[in-house]
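Trainee: Residue numbers (UniProt numbering), protein chains in the order written: chain A, 1 to 317; chain B, 1 to 352; chain C, 1 to 325.
Check the hints yourself; a few may be wrong.
Keeping only pairs whose Cα atoms sit at most 20 Å apart, straight-line, the calculated SDA-like set for lysine to any residue is [stated by the list, open to error]:
1. B/K214 x B/G50
2. C/K240 x B/E127
3. C/K230 x B/D93
4. C/K230 x B/D96
5. C/K240 x B/H169
6. C/K221 x B/D96
7. C/K230 x B/P102
8. C/K240 x B/T117
9. C/K221 x B/E75
10. C/K221 x B/T135
11. C/K230 x B/N94
12. C/K221 x B/I80
13. C/K221 x B/L103
14. C/K221 x B/T117
15. A/K205 x A/P219
16. C/K230 x B/E131
17. C/K230 x B/L103
18. C/K221 x B/E127
19. C/K230 x B/L73
20. C/K230 x B/A187
21. C/K221 x B/P76
22. C/K230 x B/P76
23. C/K230 x B/D98
24. C/K221 x B/F100
Which residues of chain B face chain C? A partial, calculated answer using Cβ under 10 Å [claimed, not checked]:
25. N68
26. G109
27. I111
28. S124
29. H136
30. A184
Restraint ranges, calculated between C-beta atoms of paired labels, are given here [unchecked claim]:
31. B/P102 x C/F164: 56 to 64 Å
32. C/E75 x A/R143: 21 to 29 Å
33. A/L47 x B/S59: 49 to 57 Å
34. C/E157 x A/V44: 27 to 35 Å
35. B/G35 x C/M132: 26 to 34 Å
36. A/L37 x C/W126: 17 to 25 Å
37. C/D46 x A/V176: 31 to 39 Å
Because the hints were derived from the structure by calculation, they are not lab data. Backbone N, C-alpha and C fix where the C-beta goes; we use that ideal spot for every residue, glycine too.
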Amino acid sequence: MSESHHAVTPPPRPGKLRSFLDSDIVYSWKRQPVVILATLVTLVMFLGALFAPWIAPQNPFDPRQLDLIDAFTPPLTTSDFTGNFYLLGSDSQGRDVFSAILYGSRISLLVGFAAVLFALVLGTALGLMAGFRGGWRDALIMRIADVQLTFPSILMALLIFGVIRGFLPRSMHAEVAIIVLIVAIGLSDWVQYARAVRGATLVEKGKEYVQAARVIGLPARNILFQHILPNVMRPVLVIGTIGLALAIIAEATLSFLGVGMPATQPSLGTLIRVGQDYMFSGEWWILLFPGLALLMLALSVNLLGDWLRDVLNPKLR
Amino acid sequence: MSSTPSSDSPRDDGTPAVPVLSVRELRVEFPTRHGTLVALDKVSFDIAPGEILGVVGESGAGKSMTGNAVIQLLEPPGHIAAGEVHLGAQRIDNLDEDAFVPLRGRHIGMIFQDPLTSLNPLFSVGEQLIETIRTHLPMNHKQARERALELLREVGIPAPENRLDAYPHQFSGGMRQRVVIALALAAEPELVIADEPTTALDVSVQAQILALLKRLCAERGTAVMLVTHDMGVIAETADRVAVMYAGRLIEIGPVNAVIREPQHPYTRGLMASIPGIETSRERLYQIEGAMPRLAAIPAGCAFNPRCPHAVERCRSERPELLPTGTSRAACWLHDPDNPVTPVIEEAHADGH
Amino acid sequence: MLAFLIQRVLQAVFVMVVVALIAFSLFHYVGDPVLNMVGQEATEADRAALRARLGLDQPLPIQFFQFIANAAQFEFGISYRSARPVTDLIVERLPATLELAIISAIFAVVMGIVLGIYTALNRGNWLSNFIMTASLIGVSLPTFLIGVLLIYVFAVELGWLPAFGRGEVIDLGWWNTGLLTRSGLASLILPAITLGLFQLTLIMRLVRAEMLEVLRADYIKFARARGLSKRVVNLRHALKNTLIPVITIIGLQLGTIIAFAIITETVFQWPGVGALFITAVRFVDIPVMAAYLMMIALVFVVINLIVDLLYYAVDPRLRVQGGAK
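Required output: the full structure, derived from the provided sequences and hints.
Mentor: Below, the structure is given as structure tokens:
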């Protein structure tokens, strides 16, 4: 594996940046134009989402900034009424589609990252517990994982989403939609992390240094966090990068199905659902641009995830 | 040696009139990103009908490659870049895949090293035999089945009628190799290429399989190209032996001659390193260094960096196979016009 | 064989019991079923009566058994939203979903295997490269986006195919089918492609990877050395060995198709069970959610069982180890 490469490469300690630039990752990155392109697209979309309030011509969530009179302005048009320029056109509310996409991808990315983080932490914790403690905890966790794996995660997410909503009063649904979404997607996706971590933990647990640590009576907590955890993080991060693309798609799908983000706080999926209604009446831009934005985001994050998986962990393929 | 059609003949390779297989100046190349690797370089030899030619060498010397090149099963991007291969009177190296397919199995059979992986696990032994027989011979299913039973009987599978419908994993390693031999001989080819046929087997089974192969081929007059790294197998089975080194044929001759009086310094080292053949030595001889990688074959004789006799000429000029006694060796020591003065023969033996 | 079968059936039963437990808990803990059924204005006495009638005053384990007994007879109660028996709702809509799922599955499996074989055998030519690149996009795209884009191109811009609905449906009494009318078939094309595309790319990549692996095997080289024709080597030997591991995944993917029908049905306003489920999730219609969950679980469990048996039937190595010997 690549450890052996590193063992060979570094002559008397170069700087951290230098050794990073010389690493396999950078080498492989530079050799693949598709990956470079995906990185650029991802970067642009991340930055666009992050700085949306400064880049976007208007805040699409603020009704005071919208002009109904500008509704359905085609792309690349300056409104005759307000003098506003609409790069990608406007929707039925006079909302600038470009701004809506920037704010929408902000929500898509936020939900995606948060859901992955949620699944990662939960899955890692349960996987560590199952692997390290074993016994009935292990059996229980892994049985639950098996049953959950029987179903596609989008179905799990839908179900969890419905159940959480059932517990909440109807008036709160729109308000907490984003949190419910994060929890639902996160809960639907923890199994992979748990299985990988459990496997890695079992391997580490059997190694001599852990046995030695146990013999000299180090508390379990120390062994777990100082010795085992760092060693199981690599597969977790690999699954996480691929999980990000999946989480973004899951969020978009739920929002498109009308059970995710409400139209008052649209993510890319919501924008596409709303835009679908105007497809037949000729206002194609309301659908097409958010669709393309999601396409580019999903594709490039996916490509990056695949590439990173191949570079970091050839065995996980 | 006695029954062998060997040595004294008009042809330059020392075999009588029409050989089954004639390989001339064969060159196999592997284009890679870092340049073209020459896996076989100017390899020439003949095999007479009914003769067993042992091909010996270290792994990577090109012995398996030679077999694969003859039957045109080189792993891409490897390909024959120069030279000729004749099967009887027909030139076969320039045939395309479609024209070559009918030759495989029918005229050239092949046996691979590992009987565990040579048979498709999802088809019964009978299915594989029958499909092979029917591919080559005009038989209906019933006749082919009879023939399959007969073949299994011949290769020594007990109660073949009960075993015909069994799957490969139900056979032991030795039995499987018998099945593989039956498959290779199913259409009575004139030539069989046996690539390390006993290497993967238990020592106790090896001798049986070799004896079987030898007997069946003798009965049918089938010529065999026996590829192996095991000098013992060669001594036991082959009529003549060809020694390969770094993609080149460096010595070829009757088996006794090569074993008793190896002419090439590499062959000498090889023989000296085998326990039991030269019993007088107290310690096994070891040739210094290792065979060069294909990417780094030195100029001149490929063996020169390791050769105790190497002189300037060996580093610049590649020797052809030169006649020496009953065999021929690619070494300037045997150049009749300009022989290299040999360093005292035994000097290197106690060097290590 | 028998031991293997029993083990698999037990596993399936275990999954079903767990799912039933979840469905039961949904009924029991999410919202108050009585409140949901009679509404706010009912008197306390009315509620108690209904509670007793529904058996909700019984101890939990007994209620759970009652629930399973009912489920076994396809009895899932009344939809909170439409006030009709859930079973009726599902039975009405099941043909639409099954027709869509089966057609997409056939499309995905046939095309996936054919393209997988083609790209494996013709590695590096421009068509395989193109197919592989396209499949990468297919894997990364959310299903609904594919559907929406297909509608935009083929229904809105080109006007070749209907954008939504199931077209004209013929009622056979026990089944209603769109497969017998022109408009029904035309309506099926876009949804079937949308639903099948993801599985198609997955199956194709799998078949390709597996076949490349198999083509490197010794027995393939030996089969060629025996003089078998390219056709026999590729399509008899290599293909059979390729398909064995692929069967499992394909089987599991078919289950996924029914689940993903939810999305496709929403995009194309297809009157199937998936659309019913989405509405149920949106309005927290617990009986429908629970029934759908049980139904999907059953489908998955049955498919898993069939896949196991099929695997067993095709691979002689398993047959002997697990079998009489």
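Trainee: Now look at each hint and say whether the structure bears it out.
Mentor: Verification of the supplied hints:
Our distance criterion of 20 Å between C-alpha atoms is met by B/K214 and B/G50, whose separation comes to about 10 Å. Distance check on the hinted pair: C/K240 and B/E127 sit about 14 Å apart at the alpha-carbon level, within 20 Å; holds. Between C/K230 and B/D93 the alpha-carbon distance is near 19 Å, which keeps this suggested pair within the 20 Å criterion. Restraint check: the Cα-Cα separation between C/K230 and B/D96 comes to about 13 Å, which is no more than 20 Å; the hinted pair holds.
A C-alpha spacing of about 17 Å is found between C/K240 and B/H169, which places the hinted pair at or below 20 Å, so the restraint holds. Distance check on the hinted pair: C/K221 and B/D96 sit about 17 Å apart at the alpha-carbon level, within 20 Å; holds. Restraint check for C/K230 and B/P102: the C-alpha separation of about 11 Å stays at or below 20 Å, so the hint holds. For the hint pairing C/K240 with B/T117, the CA-to-CA distance comes to about 16 Å; that is within 20 Å, so the pair holds.
Straight-line distance between C-alpha atoms of C/K221 and B/E75 comes to about 10 Å, which keeps the hinted pair within the 20 Å bound. Distance check on the hinted pair: C/K221 and B/T135 sit about 16 Å apart at the alpha-carbon level, within 20 Å; holds. Distance check on the hinted pair: C/K230 and B/N94 sit about 19 Å apart at the alpha-carbon level, within 20 Å; holds. Using a Cα cut-off of 20 Å, the hinted pair C/K221 and B/I80 holds, with the two alpha carbons roughly 18 Å apart.
Between C/K221 and B/L103 the alpha-carbon distance is near 15 Å, which keeps this suggested pair within the 20 Å criterion. The straight-line distance between the Cα atoms of C/K221 and B/T117 is roughly 10 Å, inside the 20 Å bound, and the hint therefore holds. Straight-line distance between C-alpha atoms of A/K205 and A/P219 comes to about 14 Å, which keeps the hinted pair within the 20 Å bound. Of the pairs offered as hints, the one joining C/K230 and B/E131 holds, with about 13 Å between alpha carbons and a cut-off of 20 Å not exceeded.
Between C/K230 and B/L103, the direct Cα distance comes to roughly 13 Å. Compliance with the 20 Å bound is thereby established for this hinted pair. Only pairs whose Cα atoms come within 20 Å are accepted, and C/K221 paired with B/E127 is accepted, the gap being roughly 17 Å. For the hint linking C/K230 to B/L73, the alpha-carbon distance of about 13 Å falls within 20 Å, and the restraint holds. For the hint pairing C/K230 with B/A187, the CA-to-CA distance comes to about 18 Å; that is within 20 Å, so the pair holds.
Only pairs whose Cα atoms come within 20 Å are accepted, and C/K221 paired with B/P76 is accepted, the gap being roughly 13 Å. Between the alpha carbons of C/K230 and B/P76 the distance comes to roughly 16 Å, so the proposed pair stays at or under 20 Å and holds. Under the criterion of a C-alpha separation no larger than 20 Å, the hint pairing C/K230 with B/D98 is consistent with the structure, at around 8 Å. The straight-line distance between the Cα atoms of C/K221 and B/F100 is roughly 14 Å, inside the 20 Å bound, and the hint therefore holds.
About 9 Å separates the beta-carbon of B/N68 from the nearest beta-carbon of chain C, less than 10 Å, and the hint is met. With a cut of 10 Å, the hint placing B/G109 at the interface with chain C holds, because the nearest CB-to-CB distance is about 7 Å. At about 8 Å, the closest approach between the beta carbon of B/I111 and any beta carbon in chain C falls short of 10 Å, and the interface hint on this residue holds. Hint status for B/S124: holds, given a least beta-carbon distance of 8 Å to chain C, under 10 Å.
Contact between B/H136 and chain C, as hinted, is supported at the beta carbon level, the nearest pair being about 6 Å apart and thus within 10 Å. Taking 10 Å as the C-beta contact cut-off toward chain C, the hint placing B/A184 at the interface holds, the least distance being around 7 Å. With their beta carbons about 58 Å apart, B/P102 and C/F164 fall inside the hinted range of 56 to 64 Å. Hint check: C/E75 to A/R143, Cβ distance near 28 Å, so the stated range 21 to 29 Å holds.
The beta-carbon spacing between A/L47 and B/S59, approximately 55 Å, falls within the hinted interval of 49 to 57 Å. The beta-carbon spacing between C/E157 and A/V44, approximately 28 Å, falls within the hinted interval of 27 to 35 Å. The supplied range of 26 to 34 Å is met by B/G35 and C/M132, whose beta-carbon atoms lie about 28 Å from each other. Evaluation of the 17 to 25 Å hint for A/L37 and C/W126 yields a pass: the beta carbon distance comes to about 21 Å.
Between C/D46 and A/V176 the beta carbons are some 33 Å apart, a value that agrees with the proposed interval 31 to 39 Å.
The structure fails none of the hints (numbered hints given earlier).
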